[in-house]
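Line by line, the protein sequences give chains A and B.
Each residue of the first sequence is one higher than the one before, starting from 1 at the first, in the working numbering.
Each residue of the second sequence is one higher than the one before, starting from 1 at the first, in the working numbering.
Don't read these hints as lab results, they were simulated from the structure.
It should be emphasised that the depicted structure is a prediction, and the values quoted were computed from it without experimental measurement.
For every residue, glycine included, the Cβ atom is placed at its ideal position computed from N, Cα and C.
It is possible that part of the hints are untrue.
To be verified - Taking lysine-lysine pairs in the DSBU-like style, the calculated list, with each CA pair at most 30 angstroms apart, reads:
1) A:K47 - B:K45
2) B:K66 - B:K77
3) A:K47 - B:K101
4) A:K68 - B:K45
5) B:K77 - A:K107
To be verified - Here are some, though not all, of the chain A residues that point toward chain B, as calculated from beta-carbon distances under 7 angstroms:
6) F34
7) S36
8) Y51
9) Y89
10) F102
11) G105
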Amino acid sequence: QSALTQPASVSGSPGQSITISCTGTSSDVGGYNFVSWYQQHPGKAPKLIIYDVSTRPSGVSDRFSGSKSGNTASLTISGLQAEDEADYYCGSYTRISTLVLFGGGTKLTVL
Amino acid sequence: QLQLQESGPGLVRPSETLSLMCTVSGGSISSGSHYWGWIRQPPGKGLEWIGSVFYSGHTNYNPSLKSRVTISIDTSKNQFSLRLSSLTAADTAVYFCARVKSVTMTLNVWGPGTMVTVSS
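Generate coordinates for the entire structure from the input sequences, incorporating the hints supplied.
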């Protein structure tokens, strides 16, 4: 079963907005509103920042937002800050065997 | 506040079996609304789902690893474990345990991870 598709890297300047896409199929991203996003700084564990497509856990900045259209989910980070530089992974429920699929990850560079 | 902590050997030999434990504190592992999962991340690469276990003992595994993986749970000790057999260098990775919200399969609490190197 293939991983979800994310761009390998994105970049932006402080204060700008960026969007990371996550493309799957109708068996996962497109079929259910169970997409999540994780932020991972070097040497650290991933941290949940968005779940159920667009819900932020308590304590996560409202600069992070999520959406979905068809088989593609998106994470938008507005007002970029240096601390946002990290790897970002999408995850989704899948109805096919494994139950969980991850994207390949996107490295965000804040210029 | 719920916390998870992985423990186990940092170095294992090829062809041997890896055994890792995840200890849950600050909450009960017998929650009927969560699975307990294992994820790994090879150096410089992305996340890979290994599988999960429910408090009842029901498991699900990544098909690519299913023949070599066993995940079990001990509710009396608030722990769950991973066994991965027939190790090769390709199994070298950071191994994470996590709490997984059932139905949505959202990984909402993660352990810090433990590095496992497969080498002779």
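Tested hints:
1. A:K47 - B:K45: 17 angstroms, holds
2. B:K66 - B:K77: Measuring from Cα to Cα gives roughly 25 angstroms; hence the hint holds.
3. A:K47 - B:K101: Status holds; Cα separation ~14 angstroms.
4. A:K68 - B:K45: Holds, at roughly 25 angstroms.
5. B:K77 - A:K107: 38 angstroms, violated
6. F34: 4 angstroms, holds
7. S36: Because about 5 angstroms separates S36 (chain A) from the closest Cβ in chain B, which is inside the 7 angstroms limit, the hint holds.
8. Y51: With a closest approach of 4 angstroms, the Y51 (chain A) hint holds.
9. Y89: Since the shortest Cβ distance to chain B is 6 angstroms, the answer is holds.
10. F102: 4 angstroms, holds
11. G105: 4 angstroms, holds
Comparing the model with each numbered hint stated earlier shows that hint 5 is the single one that does not hold.
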